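Undergrad: Listed in order, the protein sequences are those of chains S and W. At position 44 of the first sequence (counting the first as 1) the number is 44 in my numbering, and the numbers step up by one without a gap. At position 124 of the second sequence (counting the first as 1) the number is 124 in my numbering, and the numbers step up by one without a gap.
Possibly wrong hints are sitting among the right ones.
Simulated crosslink set (BS3-like; lysine-lysine; CA at most 30 Å straight-line) [what the hints assert, rightly or not]: (1) Lys101(S) x Lys82(W); (2) Lys103(S) x Lys82(W); (3) Lys20(S) x Lys82(W).
Computed Cβ-Cβ distance ranges for the label pairs, DEER-style [as the list claims (entries may be wrong)]: (4) Ala108(S) x Trp78(W): 35 to 41 Å; (5) Asp21(S) x Gly170(W): 30 to 36 Å; (6) Ser162(S) x Gly244(W): 41 to 47 Å; (7) Arg129(S) x Leu11(W): 42 to 48 Å.
Which stretches of chain W does chain S cover? Using the computed rule of at least three CB atoms under 8 Å from a CB of chain S, they are [unchecked claim]: (8) 145-159; (9) 163-171.
Please keep in mind that the hints were generated in silico from the structure rather than gathered at the bench. Values in this document were obtained by computation on a predicted structure and should not be read as measured data. Where a beta carbon is used, it is the ideal one built from N, C-alpha and C, also for glycine.
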Amino acid sequence: MSFLTLTHLEKSFGTNRVVKDFNLSVEKGEFISLLGPSGCGKTTVLRMIAGFEAPTSGSIIIDGQEVTGLRANARNIGMMFQAYALFPNLTVAENVAFGLKVKGVAKAEREARVAEMLALIGLPELGGRFPFQLSGGQQQRVALARALAPKPRVLLLDEPLSALDAKVRVSLRNQIREIQQDLGITTIFVTHDQEEAMSISDRIVVMNAGIADQVGTPFEIYNRPTTRFVANFVGTLNTFEVTVEDPAAGKVRLGGSIMTLPAALNAGTGSAQSIALRPEALRLGREPGYETVISGRIEDVHFMGSIIRLRANVAGETVVLDTFNRADQPPPVPGTGIEISLSGKDAILLQG
Amino acid sequence: MTRIIAWGVFLLGCLYFLLPLVGMTEFSLRMRRGEYSFDAYRVVFGDPRFWDTFSYSLILSGATILVGVFLVVPTAYWVRLKLPQARPFVEFVTLLPLVIPAIVIVFGYIRLYNTSSFLPLTGSALGTDILLTMGYTTLALPYMYRSVDTGLRTIDVATLTEAAQSLGAGWITILGRIILPNVMIAVLSGAFLTLAIVMGEFTMAALLNRPAFGPYMQLIGANRAYEPPALAVIAFALTWGCMGLMQLVARLAKHERAKA
Chain S
1 MSFLTLTHLE KSFGTNRVVK DFNLSVEKGE FISLLGPSGC GKTTVLRMIA GFEAPTSGSI
61 IIDGQEVTGL RANARNIGMM FQAYALFPNL TVAENVAFGL KVKGVAKAER EARVAEMLAL
121 IGLPELGGRF PFQLSGGQQQ RVALARALAP KPRVLLLDEP LSALDAKVRV SLRNQIREIQ
181 QDLGITTIFV THDQEEAMSI SDRIVVMNAG IADQVGTPFE IYNRPTTRFV ANFVGTLNTF
241 EVTVEDPAAG KVRLGGSIMT LPAALNAGTG SAQSIALRPE ALRLGREPGY ETVISGRIED
301 VHFMGSIIRL RANVAGETVV LDTFNRADQP PPVPGTGIEI SLSGKDAILL QG
Chain W
1 MTRIIAWGVF LLGCLYFLLP LVGMTEFSLR MRRGEYSFDA YRVVFGDPRF WDTFSYSLIL
61 SGATILVGVF LVVPTAYWVR LKLPQARPFV EFVTLLPLVI PAIVIVFGYI RLYNTSSFLP
121 LTGSALGTDI LLTMGYTTLA LPYMYRSVDT GLRTIDVATL TEAAQSLGAG WITILGRIIL
181 PNVMIAVLSG AFLTLAIVMG EFTMAALLNR PAFGPYMQLI GANRAYEPPA LAVIAFALTW
241 GCMGLMQLVA RLAKHERAKA
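In isolation and in its complexed conformation, chain W is listed as follows (with noise of 0.2 Å):
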């Protein structure tokens, strides 16, 4: 009986989350009246602002990634081998992003770097592509160092260290050669987390007037019918590609099997 109540409530929650994503794709391909196409698609593919707009702000997460790494792994590293009595602090600011709406963070960076200011990162395009980053980086902060910590939190991050610097190693050797590849599933459950808000972020690019692909979808979505469920669809796609990804890689690394 506990079974089949199990397998109702599996199957009911499946239906909650299959059953937008079929009528969402089933609606993309209605574009030609009367038979199913993927006219809508071609349309999507076809114009040059898709291309545009998705590689600039893929190249976006791509440097977002790579910031926040730089920035969370050696921080959450640090937190946990010489600051643990810090931790709750620095959990608090990584949190911070999640209650400060991103209009305000904006906001905030227009006034602190607009062109009359002591660093006029709003002057230039690779000024703004910079703030930009930095943004989408602030944004990401929660997802990335939960990511990294909880990846931390399976090694012995103090001993592992130790051993390292017994044999001679310094602290970039440490990171790059015993820490980072032992955490990397976590980097990328990261990475992921991080390409999905950067290709899907709004308000940061709109408001600094970057040509990125949040606000071109919300300007097909106002605009036209079928192109919106299309690119929400690919945007689907492009998630559990990462997702598969992630698996891929996880199940390459010979070393993670120890832990699964």
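Chain S with its partners taken away, still in its complex shape (with noise of 0.2 Å):
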């Protein structure tokens, strides 16, 4: 049985339903983020879970035990918010005691704890100072010190690293990821970074209009979107207008060539349908075992180091693809004249 169950979640504020038939369940230990763009509904989610919005319908059980019209401080649920919210008024130390000191917890078992959860975010001598003595990264880290001290079934992570700066961002989403992994807490996390979720997460959800579009692993999201939002919200896409020629064996038309997809087509011959490539299964030149070419213009490079992203002008259209960088290779200049090669392999059919 799963550890946290979310079954038929359902919210509306006034006539505005936010969050839609939300299923969801989750393993113990396990790490899952919300993706989506902003008004998706996964804060609302986060918050149904910890307790801060009541839903309008479904339920919540953690551990086997039914949380939904359990208070937010009943539900032992640790949360690290966006802004921090550590306590201007108590140290490092007494934030990361608050919850303990609440629970009842003995003075000496909390000042250990104390020290342990300092220790562990890499803060030891940090516990005399006040919050507005600490870096946004700092205070981030004593937060997730905080939400863990008083041992929580569930940790919920609401866009904890959108207000800090690129490199401390990924230090802690690392270093968040480690202790997760090393306490075998289930996490959820919010964001609407992709690179974030992929790279942190166990499996994603990824939402849309308050409906979870697609749940699955990093791989699974990027490599097989079941919908065309969830294909143009993850990563970077060039999609194509095709013919099917042949639905059983999974064959289109592509301008003059026939192109095999992955797998066969629930649509009738003649019918029109869009296909999505990945920029990096594209390839630059003409490739063999790729079916189709096709000609084109180079708008702009973008180099970024290990990889050089092309912009092409194809018959009107942009498409992106990407090439490793070689240093005896200099990439092509805009205004040159390209062929792309493509394969029905790499496609990805689009759909909803």
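Grab the two chains, each in its own frame, and use the hints to assemble them into the complex.
TA: Laid out in structure tokens, this is it:
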């Protein structure tokens, strides 16, 4: 049985349905990210789990206990907020000890736990400081220690990295993941940053307009998006309109050539469909084994270190492709005519 | 040139405020003919009625501050947290004591709580003191509410509340350990204004016939020459003392430095 189960969860604010029939099962120790654009309902789902919002309908079960009607302070859930939310009047150590004090933990045990938590986040010497004396990254680490100190059943992270600068964000993200794996704590992470979700999660829930569009591992979400929204939201895509030639064999026509898709099509012969290819699935020049070759002209070249992202104009449409950087092969300059090879086996059929 | 004008305006302002104070203080020292002395102050401090009324008003101002804090902090907190749409209405209600004269309020009290009413508070000294405290709380409401509300604006009330809730805290813990300490300077400023109002209030105390400092000052002012300015100087000293205390507390509260 799952450790955290959300069943038919709904939330409406007046006539506005923010979360629609949301279902999710999370295993113990799993790290799940709720990913989606602003206003998709991901934070509302998190707040319902925390107990800050009452669901309009549906149920929330944690470790076999129905908590839907339980007050937030009775759920034993740790939470990190985007704005850190450290108590300004308490020192770092007092902040970390707050939950333990509320629980009535004895002073000696409390102090030991605070020291343990501060060591865990790598700030053992900062216990006597006030929050305003810390940097953003340090404050968020203290917030993590404070959330973990009372040994919560679930850890909820509400865009905790959004307010930090890029370098701190990456290091804290890795630290959160390490600590989460060490402690084996079930974690739900809300973010609108797909790179963040991809790098840190066991599974990702991509949300759109209050609905969980797709739930899967980062690999599945990126490589096998099941809806047009997921395909477009996660990563960069090139879309092509094709005509179905042989649905059972997965054959489609793009321009003058036939491509074979990885799976059979559930569409009639002659019908129009959309397929998508990731920039890294396209090849610069003619590539053996690739069924289709299209011609275009380079518009932009973005050098990104190990990867060079090329933007080409193909029959009035923009096509993006990535190539690996090679020191002996400079990238084409804008205005150069190029050929791009495509293979049906890399194509994603867009539905929904 | 602009600097000179600015300094000129500043000096004019200082003169406008300081000259009456200097004049009043100088006059309070002239009780003995031909020389300066503290005779007026000696008379004031030697009068047992001064100490009786002063301590009475001080106790009532303490009670008023307590009632005000217990009434206003949870209300302002709740309005910010859960009822932001009710804020204009609550602000309007808290402003009413500024437009309704104290005499109207006290007559209303006397009508409602006289000895033949369902709650005969005016029938005993303690009951009347309670009534007077409530009246003072009403008079101080606009200042206390605004101070606390401004204090609450400087902190993220909703997120701090949720953070405390997620750590298992109930409402009393949240208010007592998180919200109140973080708006303490604002509460102190409201408390100081309340103290100033209560120490000088005349109408309510006089009409409820209680031995407060306001009626005593009026009595002295109507019958003596040198003691009233001495009393006013004492009142100023008290006020500035309170302001100094507030500054001291603000300096001692380390976490408040972040807001400075």
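Undergrad: Run every hint past the structure and note whether it holds.
TA: Structure-based check of each hint:
This hinted pair checks out: Lys101(S) and Lys82(W) have alpha carbons roughly 26 Å apart, not beyond 30 Å. Restraint check: the Cα-Cα separation between Lys103(S) and Lys82(W) comes to about 26 Å, which is no more than 30 Å; the hinted pair holds. Between the alpha carbons of Lys20(S) and Lys82(W) the distance comes to roughly 25 Å, so the proposed pair stays at or under 30 Å and holds. A hinted range of 35 to 41 Å for the beta carbons of Ala108(S) and Trp78(W) is consistent with their spacing of about 37 Å.
The hinted range of 30 to 36 Å is satisfied by Asp21(S) and Gly170(W), whose Cβ atoms lie roughly 33 Å apart. As the Cβ distance of Ser162(S) to Gly244(W) is approximately 43 Å, the hint placing it in 41 to 47 Å holds. The hinted range of 42 to 48 Å is satisfied by Arg129(S) and Leu11(W), whose Cβ atoms lie roughly 44 Å apart. For the segment 145-159 of chain W, the assignment as covered by chain S holds, since 3 residues bring a beta-carbon within under 8 Å of that chain's beta-carbons and 3 suffice.
For the segment 163-171 of chain W, the assignment as covered by chain S holds, since 8 residues bring a beta-carbon within under 8 Å of that chain's beta-carbons and 3 suffice.
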